[in-house]
Amino acid sequence: KQEVTQIPAALSVPEGENLVLNCSFTDSAIYNLQWFRQDPGKGLTSLLLIQSSQREQTSGRLNASLDKSSGRSTLYIAASQPGDSATYLCAPSEGQAGTALIFGKGTTLSVSS
Amino acid sequence: NAGVTQTPKFQVLKTGQSMTLQCAQDMNHNSMYWYRQDPGMGLRLIYYSASEGTTDKGEVPNGYNVSRLNKREFSLRLESAAPSQTSVYFCASIRLSPYEQYFGPGTRLTVT
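Residue numbers (my numbering), protein chains in the order written: chain A, 1 to 113; chain B, 1 to 112.
Some clues are possibly wrong.
[Claimed, not checked] Okay, derived cross-link-like pairs now, DSSO-like style, lysine-lysine, Cα gap no bigger than 27 Å in a straight line:
1. B:K71 <-> B:K57
2. B:K9 <-> B:K71
3. B:K57 <-> B:K9
4. B:K14 <-> A:K1
5. B:K71 <-> B:K14
6. A:K1 <-> A:K105
7. A:K105 <-> B:K71
8. A:K1 <-> B:K9
9. A:K42 <-> B:K14
10. B:K9 <-> A:K42
11. A:K105 <-> A:K42
12. B:K57 <-> A:K42
13. B:K71 <-> A:K1
Quick caveat, the hints were computed from the structure, so don't treat them as lab data.
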């Protein structure tokens, strides 16, 4: 059974810092991996989707990498802003109908101004 | 294009009451899922519908029923609510190629 671990569980940084969030998963036979953002009391917003054949995906100040063979993904946030404060979740997927995303418990990020 | 919508946003029930959570998507996806999110447990799959007219159990289906009303709508029913069903419920719509899940804003349910 797929298990997902996210480190650190919480992170506090001053505005402007670059930071890395880590995600590891036990079953490398994945189809793709999604990174989500969840604001307090809100739903999940998809940030980046990396296919298993890809190594990286970029969207603005966000860059996600995937090393499928080692079961790791990282989310890099450049020049962090207070508006980046949220919980970040990673979720590898088998990519088939009927298979659930298995989520990590997330990293809660706080960016102070 | 509203994406995935859920109603209600908040609900308080007494033990034994029933209710239906509604979910709709306008992305023409075939597959739709219901998850619950609990502190320390992450998101767990309750039921899913791979296509219109089909539904299947997920990891934690006990105490719930679902209806795939049409391609757009997928509802979750609690027949006799229990305090253990206090949770945040998320509906997701799935694009199969490439595979990606889109989530609704959630329903926050409290059962007293």
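Status of each hint after checking the structure:
no.	hint	in the structure
1	B:K71 <-> B:K57	holds, 18 Å
2	B:K9 <-> B:K71	holds, 22 Å
3	B:K57 <-> B:K9	holds, 24 Å
4	B:K14 <-> A:K1	violated, 35 Å
5	B:K71 <-> B:K14	violated, 32 Å
6	A:K1 <-> A:K105	holds, 16 Å
7	A:K105 <-> B:K71	violated, 31 Å
8	A:K1 <-> B:K9	violated, 32 Å
9	A:K42 <-> B:K14	holds, 24 Å
10	B:K9 <-> A:K42	holds, 10 Å
11	A:K105 <-> A:K42	holds, 16 Å
12	B:K57 <-> A:K42	holds, 25 Å
13	B:K71 <-> A:K1	violated, 31 Å
Hint compliance for this structure: hints 4, 5, 7, 8, 13 are not met, and every other hint is.
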